[in-house]
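The listed protein sequences derive, respectively, from chains A and B.
If you read the first sequence in the numbering used here, its first letter stands for residue 1, the second for the next number, and so on.
If you read the second sequence in the numbering used here, its first letter stands for residue 277, the second for the next number, and so on.
Fair warning: there could be bad hints in the mix.
Listed next, with one range per pair, are the computed distances between beta-carbon atoms [said to hold, decoys possible]:
#	chain 1	residue 1	chain 2	residue 2	range
1	B	A324	A	A93	28 to 36 Å
2	B	A324	A	D173	56 to 64 Å
3	A	D137	B	V301	54 to 62 Å
4	B	L527	A	C38	51 to 59 Å
5	B	D407	A	A93	43 to 51 Å
6	A	R269	B	L355	31 to 39 Å
7	B	A534	A	L35	45 to 53 Å
8	A	H47	B	W402	28 to 36 Å
In silico negatives: residues of chain B with every beta carbon more than 12 Å from chain A [stated by the list, open to error]:
#	residue
9	A321
10	V327
11	A330
12	R334
13	S337
14	L343
15	T377
16	D407
17	D436
18	P439
19	L462
20	P465
21	L467
22	V468
23	R539
24	N540
Straight-line distance between alpha carbons at most 20 Å, and here's what the computed EDC-like set of lysine to aspartate or glutamate pairs gives [what the hints assert, rightly or not]:
#	chain 1	residue 1	chain 2	residue 2
25	A	K5	B	E328
26	B	K426	B	E530
27	A	K5	B	E442
In short, the hints are calculated from the structure, not lab data.
C-beta atoms are modelled at their ideal positions from N, C-alpha and C, and glycine is treated no differently.
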Amino acid sequence: MNLSKRAPWIAAAPLLLVVLLAVLLPFAWRSGGFLSDCLRGDECAVHDLVADGYYLKAVFNTIWISASSTLVALAIGCAAAVALAAQPSWRRASSVLANIGANFAGVPLALALTLLFGVQGVLRQGLASAGIALPFDLEGNGGLLLAYLCFQVPLATLMLALPVQMLEGGLMDAAATLGAGPVLFWRRVGLPLLLPSLIEVGSLLFANAAAAYATPFALSGTSANVLAVRIAALVSGDIFSNPGLSSLLALLMFALLVLVIAGANLIARRLRRLDS
Amino acid sequence: MKRIGLPWSRLALALVALLAVLPPVAVLLYAFSTRWDRSLLPEGATWAWLVEVARTPRVQSAVVQTLVLSLASATLTLLVGGTATIVARLTSPRVTALLDTLSLLPYAIPPVVIAIGALELFVGRWGAWLDLRVVYVVVAAPLLFPLLHKTLGAAMRQLDVAPLMEAAHTLGATDGFLLRRVLLPLLAPALVACLLLCWVTAAMEFAIANLLLGGSIEMLQPLMNGMRGVNGHLSAALVVLSFAVITAIGLMVEGLMAWNSRRNS
Chain A
1 MNLSKRAPWI
11 AAAPLLLVVL
21 LAVLLPFAWR
31 SGGFLSDCLR
41 GDECAVHDLV
51 ADGYYLKAVF
61 NTIWISASST
71 LVALAIGCAA
81 AVALAAQPSW
91 RRASSVLANI
101 GANFAGVPLA
111 LALTLLFGVQ
121 GVLRQGLASA
131 GIALPFDLEG
141 NGGLLLAYLC
151 FQVPLATLML
161 ALPVQMLEGG
171 LMDAAATLGA
181 GPVLFWRRVG
191 LPLLLPSLIE
201 VGSLLFANAA
211 AAYATPFALS
221 GTSANVLAVR
231 IAALVSGDIF
241 SNPGLSSLLA
251 LLMFALLVLV
261 IAGANLIARR
271 LRRLDS
Chain B
277 MKRIGLPWSR
287 LALALVALLA
297 VLPPVAVLLY
307 AFSTRWDRSL
317 LPEGATWAWL
327 VEVARTPRVQ
337 SAVVQTLVLS
347 LASATLTLLV
357 GGTATIVARL
367 TSPRVTALLD
377 TLSLLPYAIP
387 PVVIAIGALE
397 LFVGRWGAWL
407 DLRVVYVVVA
417 APLLFPLLHK
427 TLGAAMRQLD
437 VAPLMEAAHT
447 LGATDGFLLR
457 RVLLPLLAPA
467 LVACLLLCWV
477 TAAMEFAIAN
487 LLLGGSIEML
497 QPLMNGMRGV
507 NGHLSAALVV
517 LSFAVITAIG
527 LMVEGLMAWN
537 SRRNS
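Could you build the full structure based on these sequences and the hints that come with them?
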């Protein structure tokens, strides 16, 4: 048997069917329901979204927390990856640690943070007895940002380790021989070459943060005002059930994430073409 | 190389280590201590929480349900996703590009949206005809596919299959023969690693387990969350047990991939 031209399509068909049934069909069905409600003119969820600042705030919170956790994670992760490139013997241990951090999200992370920084948390109490009050509340946006950083920073380090390592070697030696110091090298050579990878990794980190449901839900229940929690609470909640608004928020999230991921891929590809 | 490193990069590395290590260590200490609320350090080392959690029938049944359902989903992903990725990488850059795009889909349509869609359509509308377990297994599979596609893709790139195919064709072997007798045996460790990775990921997934199955089938992560409110030590003990298993499986995956690349190089 030789693989024909149709073979890859036949081999991919079961997977495509599973994705179609499990992901695209329910998504299209819900979005279609929302659109037809609005086109018929009865009970369009857009009115609920605009009338209630609460849901617009959830959109804003999601963008704010995803963007800030991404930017901080990129900065720390990139610097850590530079340190790792200079110390090959630390790479293995660091990658194990970062892997644990990146996967320690959701319920286990909420448990740990409540233990350390909750109202009765040992670190919060310990610092308070030393006269230092922590400037954030675990259930507010500050606490949420800390929680997201706990998995975003290790993830950024893991994803940037390889691109930073690729800069290693000849390029750096050449710059050093020509008298460039670290700051000049990174500003003029290192960062411009890394930029496409930073943009791609940044888009995935943004999507990872925006999609996070377990962490905000485990930290503050349905009162966490981010999109992922609102989308679920509007359907599974008994009191404020509004499936139409939930579908609209899911569509908004989809549009936002497609824009970020596709935009980042496009810009990264352009930049790589300019470099080569 | 050292001359190029920025002075504060080591500080950043220390910060990464702190953020990654502090939460797991806190949970570990809490799981092994009698109480930890009076001072900065926990008091009274004990195995009691771990023993109690392992003996609780509710935990045992959640562990079994989780392991069975997540293994089923991981197997489905390996069968449909593995076939698609291997054949596409061998023969068609176009289908490979489609699969690359497909592996970005769970980033654009996150698990919570998938779970709510499945809840409304497959449980709310068609719940009378569909088995909830089957729905869970199928719905979780697309979330695992990116992991499989990436891991298997890396293993195949390392194998450099193009010259192998050329040699096989020159010697008169068919693609089917090459696949059965050469590629699949060479890729076997990578395939096992993919299965283990998908299994662990599915077992630790929260959104679908909580929203789709919540109320009818109790899974590990929602149980952990529920236990937090009753007894934090027990919940911490459950987290420690699950992460011990995950770390063991992670080490197996790493060992398998390392052995695979040594064997194939």
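* To do: Against the structure, test the hints numbered earlier, and report the numbers of the ones violated in rising order.
  => Those not satisfied are hints 3, 15 and 25.
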